[in-house]
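**Q** Residue numbers (numbering that gives the first Met the number 0): 0 to 170.
These are calculated hints, taken from the structure and not from any lab test. Please note that a few of the clues may not be correct.
So the derived label-pair ranges between C-beta atoms look like this [what the hints assert, rightly or not]:
(1) Leu-56 with Arg-84: 20 to 30 Å
(2) Gly-40 with Pro-121: 45 to 55 Å
(3) Asn-1 with Ala-45: 49 to 59 Å
(4) Pro-121 with Ala-45: 33 to 43 Å
(5) Glu-83 with Val-122: 19 to 29 Å
(6) Pro-121 with Ala-146: 23 to 33 Å
(7) Asp-48 with Arg-20: 37 to 47 Å
In this text, a Cβ means the ideal position worked out from N, Cα and C, and glycines have one as well.
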Amino acid sequence: MNWFREILSVALGGLTARKVRTLLIMLGPVLGAAGIVAAVGLNESAKGDVRQTLEKLGTNLIVASADGTFSGGEAPTLPEEAVERAMNVSTVDRAAGITEIGSLTVLPSQGGRDFFRTIPVPVLTSDQNLLNVLDAKMLYGRFINGADEDNIFRSAVIGQDLARGLSISSR
0 MNWFREILSV
10 ALGGLTARKV
20 RTLLIMLGPV
30 LGAAGIVAAV
40 GLNESAKGDV
50 RQTLEKLGTN
60 LIVASADGTF
70 SGGEAPTLPE
80 EAVERAMNVS
90 TVDRAAGITE
100 IGSLTVLPSQ
110 GGRDFFRTIP
120 VPVLTSDQNL
130 LNVLDAKMLY
140 GRFINGADED
150 NIFRSAVIGQ
160 DLARGLSISS
170 R
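Please work from the sequences and hints to get the whole structure.
**A** Set out below in structure tokens:
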């Protein structure tokens with residue numbers, strides 16, 4: 000038991016001999032742990048603020064687009080795997096891709112000639128998940144499916160206002 004007292008007295012003597020060094024050694028782990036807790040806390044707080052701000056906006060639908068150029072060159076585009084990347088984010092529930100086809104000319108049907116002259120019709124492509132992402136329902140007909148893409152069918156889905164303008168009824 001004497002050997003334990005001797006070791007203890009040598010250890011306490013070493014601690015009390017250099018008080019500043021002892022204090023700094025003890026502060027190191029405490030400050031390190033406090034820094035980690037603060038960094039994690041700030042990160043979680045920022046996530047909560049972003050979620051709260053989005054909830055206040057009343058929507059959980061976020062649209063990502065590659066608009067405009069700085070150098071006047073080619074228009075920027077999102078990578079082909081953008082939807083897959085978005086789905087890899089843990090907080091993303093659903094995602095769909097939409098592309099506007101700018102070089103496509105749309106010829107109006109007989110019933111829609113007057114309507115088409117006053118309102119241009121943009122042509123968009125989308126993937127099959129768009130209805131699910133938008134929580135939309137088809138009023139008439141069907142949405143584009145895999146068979147359309149596999150067989151290269153010319154398929155179109157139009158909005159309710161355009162259908163009304165083109166005198167297309169929903170039966």
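**Q** Determine which of the earlier numbered hints do not hold for this structure and return their numbers in increasing order.
**A** none
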